[in-house]
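K.L.:
Order-wise, the sequence lines are chains F and X.
In terms of my numbering, the first sequence is residues 1 to 257.
In terms of my numbering, the second sequence is residues 258 to 606.
It should be emphasised that the hints constitute simulated quantities derived from the structure, not laboratory data.
Treat the hints loosely; a few may be bogus.
[As the list claims (entries may be wrong)] Computed cross-link-like contacts, SDA-like style, restricted to lysine to any residue with a CA-CA straight-line distance of at most 20 Å: (1) X/392 / F/232; (2) F/2 / X/334; (3) X/392 / F/81; (4) X/510 / X/484.
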Amino acid sequence: MKLPPVLRLVVRNFTSNLDVITVLIRFGQPAITIVVLGTMFTTIVSSSVTGGTSYTAFLVPGMVAFQMITGGIVSGNLFWLDRRWAMTEQIFSGPFLRSEYLGGLVLTTLLFSLVGVGVMILVGVPFIGLPALSAAGVGMVLATVALGSVFFAGLLIALGTRLRSANAYFSIQSFLQLFVIFLSTVYYPVTSRTPKILAAIFYGNPLTYAANTIRDAFANSFAGADFEALGVLALLAALAFGAAIWGFRNLELGPIQ
Amino acid sequence: MMSDGIVLETKDLGYSFAPGRFAVRHLSLSLRRGEILGLLGRNGAGKTTTVRLLTTLLPPTEGTAFVLGQDIRTGGRALRSRLGVVLQAESLDFVTVERNLTLYAFMWGVPREEAKTRAEEMIALFELESARHRKPWALSGGERRRFQVARELMHDMEILFLDEPTVGLDAVARRRILRYLRDRARGGLSIVFTTHILHEADLLCDRIAVLHLGRLIALDTAEELKRRHGGAREVSMTLEAAISPDLRVNLRKELVQRRAVLLDPPDGLPSPANQLAFRAERAEELLPWLTQWTQAHGLSVERLSVEEATLEGAFLGMIGDVEENDEGKTAVEPPPADHLPPGRNGAVP
Numbered sequence: 001m002k003l004p005p006v007l008r009l010v011v012r013n014f015t016s017n018l019d020v021i022t023v024l025i026r027f028g029q030p031a032i033t034i035v036v037l038g039t040m041f042t043t044i045v046s047s048s049v050t051g052g053t054s055y056t057a058f059l060v061p062g063m064v065a066f067q068m069i070t071g072g073i074v075s076g077n078l079f080w081l082d083r084r085w086a087m088t089e090q091i092f093s094g095p096f097l098r099s100e101y102l103g104g105l106v107l108t109t110l111l112f113s114l115v116g117v118g119v120m121i122l123v124g125v126p127f128i129g130l131p132a133l134s135a136a137g138v139g140m141v142l143a144t145v146a147l148g149s150v151f152f153a154g155l156l157i158a159l160g161t162r163l164r165s166a167n168a169y170f171s172i173q174s175f176l177q178l179f180v181i182f183l184s185t186v187y188y189p190v191t192s193r194t195p196k197i198l199a200a201i202f203y204g205n206p207l208t209y210a211a212n213t214i215r216d217a218f219a220n221s222f223a224g225a226d227f228e229a230l231g232v233l234a235l236l237a238a239l240a241f242g243a244a245i246w247g248f249r250n251l252e253l254g255p256i257q
Numbered sequence: 258m259m260s261d262g263i264v265l266e267t268k269d270l271g272y273s274f275a276p277g278r279f280a281v282r283h284l285s286l287s288l289r290r291g292e293i294l295g296l297l298g299r300n301g302a303g304k305t306t307t308v309r310l311l312t313t314l315l316p317p318t319e320g321t322a323f324v325l326g327q328d329i330r331t332g333g334r335a336l337r338s339r340l341g342v343v344l345q346a347e348s349l350d351f352v353t354v355e356r357n358l359t360l361y362a363f364m365w366g367v368p369r370e371e372a373k374t375r376a377e378e379m380i381a382l383f384e385l386e387s388a389r390h391r392k393p394w395a396l397s398g399g400e401r402r403r404f405q406v407a408r409e410l411m412h413d414m415e416i417l418f419l420d421e422p423t424v425g426l427d428a429v430a431r432r433r434i435l436r437y438l439r440d441r442a443r444g445g446l447s448i449v450f451t452t453h454i455l456h457e458a459d460l461l462c463d464r465i466a467v468l469h470l471g472r473l474i475a476l477d478t479a480e481e482l483k484r485r486h487g488g489a490r491e492v493s494m495t496l497e498a499a500i501s502p503d504l505r506v507n508l509r510k511e512l513v514q515r516r517a518v519l520l521d522p523p524d525g526l527p528s529p530a531n532q533l534a535f536r537a538e539r540a541e542e543l544l545p546w547l548t549q550w551t552q553a554h555g556l557s558v559e560r561l562s563v564e565e566a567t568l569e570g571a572f573l574g575m576i577g578d579v580e581e582n583d584e585g586k587t588a589v590e591p592p593p594a595d596h597l598p599p600g601r602n603g604a605v606p
């Protein structure tokens, strides 16, 4: 039986560009962060700062939110490498539509980040036990990570359609990753003592909303703000995905450096 | 509507990459089932753009093209599903050669068992056995090119577009691939083939389209192109006896009237009195006259040979003529009607 084109492209994305080492690093880095950073900071960070939980319990939902960046980077890089090695052009000359290729990238992102969510939760279990996630909480976590992944994937793909230099692409990607992670509540909460300018930047970062929403889902304490955050993420995801579609429509094929 | 046996037909096809700047313009040609059409031209002549237009990778900005009965503007996936394309740029996935082949077949929906069988055939045919478990970046340039052609042949197609498929290949591999392509064409596969190696175009192609600055300047068989544009060739004649100086002067005069020149031996070399060499515009037409002339003067010919016309000579002649006419022009203009040869083998003049 012939799979639909989008699924064939997803299989190809996983087979061709995601080797074991890449996967281990992508999942291993946040997992190690949970184990090492969580353990060490739990001993020095007061639970009053992290909402009455251990630092590890604070960090695990942050690392779950982090998966949306991991997923976004995976498909952004996949696209970039396909473009760099002329596979985009080769695939477009075959029985595929550009929309299917883009759909394949997004589905790859979602699968990767959702698997990442599971891995992060499993890594956190020995330290914080199984999170008391309700069905709605699970839905909230998955929706948040999915929308966040589409946002970051869309952003990086849109970037990849416009740039013609690997150096430029990877420099911007690294900077963006660093900026988005460190200026969010993934590693630390925004408190009354956070400088106002930093707090403002934190709340302009979609990862902050994602991390906070996932923390609320883990604690089974949804508030209206979480649904608003989900709405903002959905809007940002739509905008970034729209930018990626626009980039694809105007994509210049042919070799790049 | 395409005529019987025609699988590709373009009429005034053009692509403009900026207002008034055309990469291809007024391209009118056709391709028959089982035919191999060579696209020749200098760098930037529009060969790759033509391939990309015909494979729907680029939308034409003017003219029409029907491939396998479908308009390239609207054919989309249905059309591309019936094509094979080896692009000029190297493309690869980061898995072994063998896995690349089966993965590509999977993408095209080739059943797994069939894909395995085809992969074995392609690995043998393209001499990739030693590269089977290597990743493409560990291959030599020639191996990578062979792999890329092999990969495209993993699925079925009706027209195969090959954009410089033999770059970097050694002579043996090149011959092998050309022979294979020739066999596939006999089996009904139509092929559009671009190359800078004119000798292989001569060997392989049924017809040759020559592009220059985006325009089609010639479309014909290699033989016909050589005959019409091959330029002056050398004719050598060895007589049984020496020719007198007076007769040599007479011959020189007669030859000039027939657009031929009697060649003097290179400086410092002795000139055997029974050996003559000429450079003639129309060497074939000169031979009967030479036979008559020698008979009329009681001379016996021991050996008569004509330098073989090459496609390279014809190509250089065509490009030279057009560049001379185009001197000073910077933009691509519509080709004058008399630049195009009369339609042959289904060609649209």
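K.L.:
Does each hint hold? Answer for all of them.
P.N.:
Now the hints, each set against the structure:
no.: 1; hint: X/392 / F/232; result: violated (43 Å)
no.: 2; hint: F/2 / X/334; result: holds (16 Å)
no.: 3; hint: X/392 / F/81; result: holds (15 Å)
no.: 4; hint: X/510 / X/484; result: violated (25 Å)
This entry does not satisfy hints 1, 4, going by the numbered hints stated previously.
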